[in-house]
Amino acid sequence: MSLLSLHEVDVSYGDLPALRGVSLEVEEGEIVSVVGANGAGKTTMLRTISGLLRPRRGEVRFAGERLDAAACHEVVARGVVQIPEGRKIFPSLTVLENLELGSYVKRARARRRESLEGVLALFPILAERIRQAAGTLSGGQQQMLAIGRALMARPRVLMLDEPSLGLAPLVVREIFRIVAEINRSGTTVLLVEQNTRQALALSRRGYVLENGRVVLVGTGAELLDNDHVKRAYLGM
Amino acid sequence: MTWGLLLQAVISGLLLGGVYGLVASGLTLIFGVLRIINFAHGAIMMLAMYASYWLHALGGVDPYLSILLTAPLFFVLGVGVQRVVIEPNRRAAEHNQLLLTLGLALFLENLALVLWQGDFRTVRSAISGTSFMLGDALVEGARLVACAGAVVVCVGLFAWLRLTDAGKALRALAEEPEGAALMGIDVTRIRGVAFGMGAACVAVAGALVTPFFYVAPDVGESFNIMAFVVVVLGGMGNFLGALLGGFVIGLAESLGATLLPGSLKYLVVFLLFVLVLLLRPEGIFGGARGR
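Just so you know, the protein sequences line up as chains A and B, in that order.
The first sequence begins at 1 in this note's numbering and counts up one residue at a time.
The second sequence begins at 1001 in this note's numbering and counts up one residue at a time.
Since the hints were derived computationally from the structure, they do not count as laboratory data.
Idealized CB from N, CA, C, for every residue including glycine.
Some hints could be false.
If you want the footprint, here are the derived chain B segments under chain A, 3+ residues with CB under 8 Å [what the hints assert, rightly or not]: (1) 1164-1171; (2) 1178-1187.
Just a sample of chain B residues kept apart from chain A, beta carbon distances all over 10 Å, derived [unchecked claim]: (3) 1069; (4) 1107; (5) 1119; (6) 1121; (7) 1131; (8) 1138; (9) 1152; (10) 1175; (11) 1261; (12) 1267.
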C-alpha cells in the first residue's frame, strides 16, 4: 500500500474545475514529482492534500487513513507537511522563532531541540542568522528557512511547491541537492515543479498534469525521454 | 494657566494613558489576528466593569482582587463570542464584520441598560481617596495603581507573545495565516485565543478604572473610541505602539481639557487622529514592526 494516495479526486473553485479525476500514489521513501504548466492544478493538488481545499469527489489517503476531511493542522500533526509556494515564512519573527513554530505540533514539539540541531547542521547559514528577522534573509535563505521550518515538524511526507521559484540557478541546484539529501535520510518527498528537467532528474517517478488531469505517469527517466514531455516542457 | 495646572494635566493624562494603552493592546491584538476592528471592545469592557462592580457590591470583593476572577472569565467569554458570533462570518466582507461588532456593542449596551438601568454607579476600593502631592500636582492613588497595573499587564502580554508557543503562534498567524496553518497551528483556535486575550485585557482595564470611574452602560464607548485612535496612532497590529500611543492620547486628551474650553476636550485627540491618518497612515511607530 502506498504511503500517500489520491484516488479520482475532483476539486473546483466555485464552478471552475481545477482537478478532474486525479489519482496519484507516493510510496514510502520515494521522491515523486508533479510537473506541468502554470494553472495545470499542481498547487491545487498540494493544497487539497494539506486540507486547505476540500475535494468535491474522491479520496486522499495517508498511511491508510482518510485525509480529505481532516483540518489543515491535523494533516500536519499526522506528518504530511507542505512548504507552500512563495515560502510563507513569518517575516518579522526571527529565524529561530520561525523554526520553533515548525515544531508546533505535539509530536514534533517533544523533539524540538534534536530537530533544531539537525536543521542547523543542514543549513549552517540559518545558524549564523538565528536572531535575525526572517524577512531580512535573501530569497534562497528564505527557501532554506521554509524547508528547515517544515523539517522541524518531522514530516513523514514533505511536499514542496515550486521551491526553485525566483531563485538563481546556482541556488536552485543547491535546493535540489538538499531535497535529495532529505529524501536519502528517510523522508518521502512529493515535489511540484515547473523546473521540469531538474525535478524529473531527481525523482524516481513523475506525473505530468495538464488542465487538471494526469496525462502521463512514469519513472523520472521515462518521462524525460518522452516525446510529449520533451516538446512541451523541455523545449526540445 | 499655571505650571501647576499644566503639570496636573500631564500627570492625569499619562496615568489614564496607561489604561488606554492596555485597552488598545487588546484591540490591536484582535485586529492583528482577525483583521477586524472590534467595535464591541468597549462594550465588553463595560460588562467587565459591571462584573467588578457587582462583585464589590454583592460580595464585598475589592475591584483589584476581582481581576483574578474577571480576567479568566472574560477570556472564556471572548473565546465564546469569537466562536459563536465572529467566526461564522469570517469570510464575509470586511464592512459586514465591522457592522457585526458594532451590532454586538449596541446589543451589549442595551442589555446592560435593561438589566441595570442607566444609573451611574461607583465602586470604592481600599485606596479610593488616597492621594499625594507631586510638586503642585495631586496624584490619586487609584489612578497611579491603574496606570501601573495596566503597564504591568501590557508587559506581561508582550512577554507572552514573545516567549510562549501560543504567543508565537498568534504572531505567526497575524503575519501569514496560511503559513501558520501549514505549520500545524490550529488557526481557528488561535483566533479564539486572540479575541479572548483582548477581552481579558479590557476586563483588567475595567477593574483598574472602577475605583475612580463611574460605571454605566455607555461607559465603554469613550474607551472604545480612544483605543481605536490609539491603535491607528500606534500602527494597526503593533503592540508596543499601542502602549506608547495610549500615553500620547491620554496626554492629548488631558492637555486638550486643560487648555481648551470644556466641550472641546477631544479636539486635540481627533486632530492628532486625522493628522496621523493623513500623514502617516502606517502609524507613528512604524507600522507593524513592533509586533
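Hint check:
1. 1164-1171: With 4 residues close enough to chain A, the hint holds.
2. 1178-1187: holds (count 10)
3. 1069: Answer for residue 1069/B: holds, closest chain A Cβ roughly 31 Å.
4. 1107: holds, 31 Å
5. 1119: The claim stands: residue 1119/B keeps its Cβ more than 10 Å from every Cβ of chain A (closest is about 47 Å).
6. 1121: holds, 43 Å
7. 1131: holds, 43 Å
8. 1138: holds, 42 Å
9. 1152: holds, 24 Å
10. 1175: violated, 5 Å
11. 1261: Holds, because the least Cβ-Cβ distance between residue 1261/B and chain A comes to about 44 Å, which exceeds 10 Å.
12. 1267: Holds: least Cβ distance 35 Å, greater than 10 Å.
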